[in-house]
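**Q** The residues making up each chain are set out below.
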Amino acid sequence: MNVTRPARCLLCSFTRAATPSTRVPRRQFHPTPAPLSNRKPKFPNVKAPQTPDYKPYTEEQKAELAKEYSAAQMAAIEAGEAAIDPKDLAEQMNERSDPMAFKYLDDFSVIEPGIDRHQRAPESNSDYNFTLKTEADFINDFGRFIADMPDNATGADFVRFADNLRVTHGKEENELDPHSALVPDLFGPGETIDEPRVEERKTAAEKGEKERSAEAEEMTDALKSLLLATGYTEKQVKDLRTKTLVSHSVTNQTRLGKIRRAYRLSIAGNGDGLLGIGEAKSDEASDAKIQSQYRAIRNMQPIPRYEKRTIYGDVKGKVGATELQLMHRPPGFGLRVQYLIYEMCRAGGIHDLSARVGRSRNQMNTVKAAYQALMSQRNPEQVAHALGRKLVDVRKVYYAGKV
Amino acid sequence: MSLVNLSAVCAHLNNATKARLGLTSIPNSNLHLKLSLALQHSGYISSVVRGGPTPPPAHAILGIPAVNDRFEGIEQVTRDNVSSRRLWLGLKYWQNESVLGKIKMVSKPTRRVYIDVEGLRRVVRGEDSGYVAGIRSPGESLYLSTDRGILEARECVEKKLGGLALCRVL
Chain A
1 MNVTRPARCL
11 LCSFTRAATP
21 STRVPRRQFH
31 PTPAPLSNRK
41 PKFPNVKAPQ
51 TPDYKPYTEE
61 QKAELAKEYS
71 AAQMAAIEAG
81 EAAIDPKDLA
91 EQMNERSDPM
101 AFKYLDDFSV
111 IEPGIDRHQR
121 APESNSDYNF
131 TLKTEADFIN
141 DFGRFIADMP
151 DNATGADFVR
161 FADNLRVTHG
171 KEENELDPHS
181 ALVPDLFGPG
191 ETIDEPRVEE
201 RKTAAEKGEK
211 ERSAEAEEMT
221 DALKSLLLAT
231 GYTEKQVKDL
241 RTKTLVSHSV
251 TNQTRLGKIR
261 RAYRLSIAGN
271 GDGLLGIGEA
281 KSDEASDAKI
291 QSQYRAIRNM
301 QPIPRYEKRT
311 IYGDVKGKVG
321 ATELQLMHRP
331 PGFGLRVQYL
341 IYEMCRAGGI
351 HDLSARVGRS
361 RNQMNTVKAA
371 YQALMSQRNP
381 EQVAHALGRK
391 LVDVRKVYYA
401 GKV
Chain B
1 MSLVNLSAVC
11 AHLNNATKAR
21 LGLTSIPNSN
31 LHLKLSLALQ
41 HSGYISSVVR
51 GGPTPPPAHA
61 ILGIPAVNDR
71 FEGIEQVTRD
81 NVSSRRLWLG
91 LKYWQNESVL
101 GKIKMVSKPT
111 RRVYIDVEGL
121 RRVVRGEDSG
131 YVAGIRSPGE
141 SLYLSTDRGI
151 LEARECVEKK
161 LGGLALCRVL
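Just so you know, the protein sequences line up as chains A and B, in that order. full-length UniProt numbering puts the last residue of the first sequence at 403; the count rises by one with no breaks. full-length UniProt numbering puts the last residue of the second sequence at 170; the count rises by one with no breaks.
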């Protein structure tokens, strides 16, 4: 019997009335939908035209406009109307839906150095025979300026003269807008790829500083003791990567009833080899979060990293029923791991890794087991000492230490 | 070549390292002796001495039995005592961890795993080949029984030899 269709009278299926006109074939022995005979719609999908209709102004509208605008402006409006075909206007004002349409919004008003074609001054601007002006030339220029000076000269005149004063003999374009074979700079002064908009960032940071200075006065005792214990400054603590990975509530059953508290497990790392986990319980969820983050910062330990990107060898970790395996991977492999381990790798500064979490996938135990596994790496140097043999990293030898 | 006895040896060595023993003994056989010498050559164990049911006398300086002990000497194997001979292995520890981390059989008494040079090349590079998993951790080794004795996988690749994969040490 088919699961998807109820059992029916076998003869009923032959009667016309019992089988309403359906496009699904009657005998269906499997739950997947049967392919329709004709997938193509009979009629092409007609799209309603969205182009707005641009009509020329009527006489009445022109009379209305004439109340607002001057005669010259009206003449300009009429000239513009005559110059642009309403059909062109309708086509070009419309948002493109053709396959070649741009996938992003851009008005193409700015030339982006990394994306657009370089804009260079033409080669004809170059003048290879230019010479720098001598002191005598400058004196001549200045004399000419004094001689031509109007009677009521102001400071602005001198500024204009100084701005327009050229320092070379030869083509003017060569000095003002020279041709260069070099690719134009990708970033403006002070910009980097991480901070493309320095000015915007700066204002944000300045704002942050003001807030922070206000916060410093009311620094919590927990933060103060954290700073005292770790030796970090407040800014360094702020810059650490912290993330709360596990959050749930726990209850204590007493004879008076259940007492609920919030549980949080956080990780902290500097993104460059330090990683710690901390857990906390509190009546207040926000309090538990902060506590767990501070504990994670206190618990930060260096994790061994091969080439600052992956781990030494394959390692295993086990907490409770959660058993996991972390496997080292070649450069550029990325973090193909589940989200909890991904966040730990991000915080700890591991870039190439894969992992397999077997048996239980309890979040809390996964994080703890991953931490255990990361800490259980065997350092090849220590292995070499233990074995009493010389071990050499072939990658370093092969690439002449350039990895 | 009894893989049953070899499995028992592997299990015994795991137990001995977990119990932090400095010296332990395994039954005497040519296979066990060859594997022990290979392990010693790789640096996983410190000494291999053939002795009787009781531990052989310790070396005056090393503190463990040694084959080149000039003062105590090694008891000769004779027709009378050959059945009571055992191999006494000195176990190593480094930074509170046993150097011979865990020894595990690859071939089983019910399934022998053979591997050729091509496969071994893959294994040594860290890739899996057939039933043999790749060597992917520092200090990991695989021992094979070949025509030229019991060798480590990397030695086998050097000498272009395949054979019976015996056990894996991590």
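Everything labelled a hint here was simulated from the structure, so no lab data went into it. None of the values given here were measured: they were computed from a predicted structure. Hints should not be assumed to be uniformly reliable.
Stated by the list, open to error - Facing chain A, a subset of chain B residues (Cβ under 8 Å, in silico):
(1) Lys34
(2) Gly51
(3) Gly52
(4) Gln95
(5) Asn96
(6) Tyr114
(7) Ser137
What the hints assert, rightly or not - Selected chain A positions facing chain B (in silico; Cβ < 8 Å):
(8) Phe138
(9) Met375
(10) Arg378
(11) His385
(12) Gly388
(13) Leu391
All residues carry an ideal CB built from backbone N, CA and C; glycine is no exception.
**Q** Hint by hint, say whether it matches the structure.
**A** Okay, the hints, checked on the actual structure:
With a cut of 8 Å, the hint placing lysine 34 (chain B) at the interface with chain A is violated, because the nearest CB-to-CB distance is about 19 Å. A hinted interface residue such as glycine 51 (chain B) counts as satisfied when its beta carbon comes closer than 8 Å to some beta carbon of chain A; here the least separation is about 23 Å, so the hint is violated. Hint on glycine 52 (chain B) is violated. Least Cβ distance to chain A is approximately 28 Å, over the 8 Å limit. A cut of 8 Å between beta carbons decides the hint on glutamine 95 (chain B): the least distance to chain A is about 7 Å, and the hint holds.
Because the closest C-beta pair between asparagine 96 (chain B) and chain A is about 11 Å apart, greater than 8 Å, the hint is violated. Interface restraint check: tyrosine 114 (chain B) against chain A, minimum CB-CB distance 24 Å, threshold 8 Å, status violated. For serine 137 (chain B), the shortest C-beta to C-beta distance to chain A is roughly 3 Å, which falls under 8 Å, so the interface hint holds. The interface hint given for phenylalanine 138 (chain A) is violated, since its Cβ lies 72 Å from the closest Cβ of chain B, which is over the 8 Å cut-off.
Interface restraint check for methionine 375 (chain A): the shortest CB-CB distance to chain B comes to about 13 Å, outside 8 Å, so the restraint is violated. Restraint check, arginine 378 (chain A) versus chain B: the minimum CB separation of about 6 Å is within 8 Å; hint holds. At its closest, the beta carbon of histidine 385 (chain A) sits 6 Å from a beta carbon of chain B; the interface hint therefore holds under the 8 Å criterion. Because the beta carbon of glycine 388 (chain A) sits about 5 Å from the nearest beta carbon in chain B, less than 8 Å, this interface hint is met.
With 8 Å as the threshold, the beta carbon of leucine 391 (chain A) comes within range of chain B, its nearest partner Cβ sitting at about 7 Å, so the hint holds.
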